[in-house]
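J.: Heads up: the sequence lines are chains A and B, in that order.
The working numbering puts the first residue of the first sequence at 1197, with every later residue one more than the last.
The working numbering puts the first residue of the second sequence at 6, with every later residue one more than the last.
None of these hints come from the bench; they were simulated from the model.
Please note that a few of the clues may not be correct.
Residues on chain B that point at chain A, a partial pick, calculated with CB under 8 Å [as the list claims (entries may be wrong)]:
| no. | residue |
| --- | --- |
| 1 | D100 |
| 2 | A139 |
| 3 | Y238 |
Pulled a few chain A residues facing chain B out of the computed Cβ check, cut under 8 Å [said to hold, decoys possible]:
| no. | residue |
| --- | --- |
| 4 | Y1259 |
| 5 | K1260 |
| 6 | N1290 |
| 7 | F1328 |
Given the structure is predicted, the values throughout are model-derived calculations rather than measurements.
Idealized CB from N, CA, C, for every residue including glycine.
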Amino acid sequence: MEKIIEVRHLSKTFGTNEVLKDIDFSVNKGEVVCIIGSSGSGKSTLLRCINLLEKPSGGEIFYKGENILDHKHDLRAYRTKLGMVFQQFNLFNNHDVLSNCMVGQIKVLKRSKEEAKDVAMKYLSVVGMEQFIHAKPRQLSGGQKQRVAIARALSMEPEVMLFDEPTSALDPEMVGEVLKVMRELTEYGLTMLIVTHEMDFAREVSDRVVFMDKGVIAEEGSPEQIFNNPKLDRTREFLRRTLQKN
Amino acid sequence: MELNVIIKTISKYWPMFLRGAGVTLLISTIGTIIGFIIGLLIGIIRTVPLPEKGIKKSILKIINSILSVYVEVFRGTPMIVQAMVIYYGSKQAFDIDMSPLFAGIFIVSINTGAYMAEIVRGGIVSIDKGQFEAAYAIGMSHSQTMINVVLPQAIRNILPATGNEFVINIKDTSVLNVIAVTELFFQTKSVSGINYKYFETFFIASVIYFVMTYTVTRILRYIERKIDGPENYILYANQMQVQTPEDALRRQQEMN
């Protein structure tokens, strides 16, 4: 299988705090990978290192075999290949829903207005927000904002979608609508890398689950293996604690 | 205070008041606009992220220190002194002869620029980091991010402070009378020098100043509200269309 993203010996320190320690990790084309783990285990940092919102302290990141930390590499072109969905939505507050999905296409991908609008409308209807195209972000609920954020990322037609705890900032009753949209996306065969605390969702959609603990990948495997027969005690302990809460 | 004195003063000297108010508005409007542009440019330059190394970093550092000297000097000295130094100083020391009106606009502009630079910087810094990250994540450069995402929000946020500067400028152009700019205060002084009715004449001037500042404040408020748009989003959908769950919920809420 073709590796689309490969991370080798990745490390990240904030001051003296070592957040990621020698991470080796890869994502195959078409694969849905969920990263689970307790807060502070480095899940989000790993995701943010992959699209270089955080600069790795050491190691290498390969995208389709190309080292993107190489100085010659076009960072911005690489980022357009990755769609990022944030915990706090981060919709552009000065743009309406449609324009949020168009501005990147027009300014970065240099698409025409008409084309950008068609693409944006297509993905807005995928997430069920096509009726709200002229709404400003502050007029929307959290769940609606996150669906627009997903449409914005999809409008760039990326190769990989990165989700950084997309439901953690939502009210419980809005989690469902966002997960539903994400579940639909997995059916399109999109490559997805999801940091999440939604264990049932992770078990259901992922091809592979990665459990992170204290800055390292402690265990990875199929959802059946991780959730039913975890090898490590700390994985078992984490799952017991999280599943108890629900 | 005698009402008939006021009426007499107005009917006799209204062209002088009018011209004075006109010059005051002209200087403060142009000064605020140019000052805003100066402040915007400086604010943008001062928030450019420092490159990690190389010649670009040193150049940016030098520019930044020059800009902070400008900001500190013009914020730290009174405008009336700046006016004397620039207008008379340039004439005596460098033999540059400028008209009082030009000098007035120049002084108000660079003064406002120094204040606006800090206001703009504050406006940019106050924009949520997530806005930058989201823009970078879809592949935008720093300048694209600034132009398309950050500045429109920052400018909206600093509108009230800009309005404040405008109002201050309308009032503070009165100090330009020391370099013989024929603004409202200068004209009022001339009128009172003719009729010796100081109280009534300056009372008229204060009313004119107040009307100008109040009008400006109201206009800016109106612009702010225009930019913000309505609080709620109304779906203009045909009722015969199949309704989405959001629609149903909204309608239900409206009924209650």
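J.: Next step is simple, just say for each hint if it's right about the structure.
T.: Hint check:
Given hint, D100 (chain B) at the interface with chain A, is violated; its Cβ is 49 Å from that chain's nearest Cβ, farther than 8 Å. Because the closest C-beta pair between A139 (chain B) and chain A is about 4 Å apart, less than 8 Å, the hint holds. Hint status for Y238 (chain B): holds, given a least beta-carbon distance of 4 Å to chain A, under 8 Å. Interface hint status for Y1259 (chain A): violated, as the beta-carbon distance to the closest one in chain B is roughly 13 Å, over 8 Å.
Because the beta carbon of K1260 (chain A) sits about 16 Å from the nearest beta carbon in chain B, more than 8 Å, this interface hint is broken. The closest approach between the C-beta of N1290 (chain A) and any C-beta of chain B is roughly 4 Å, which is under the 8 Å cut-off, so the hint is satisfied. Of the supplied interface hints, the one on F1328 (chain A) holds, with its beta-carbon coming within about 7 Å of a beta-carbon of chain B, less than 8 Å.
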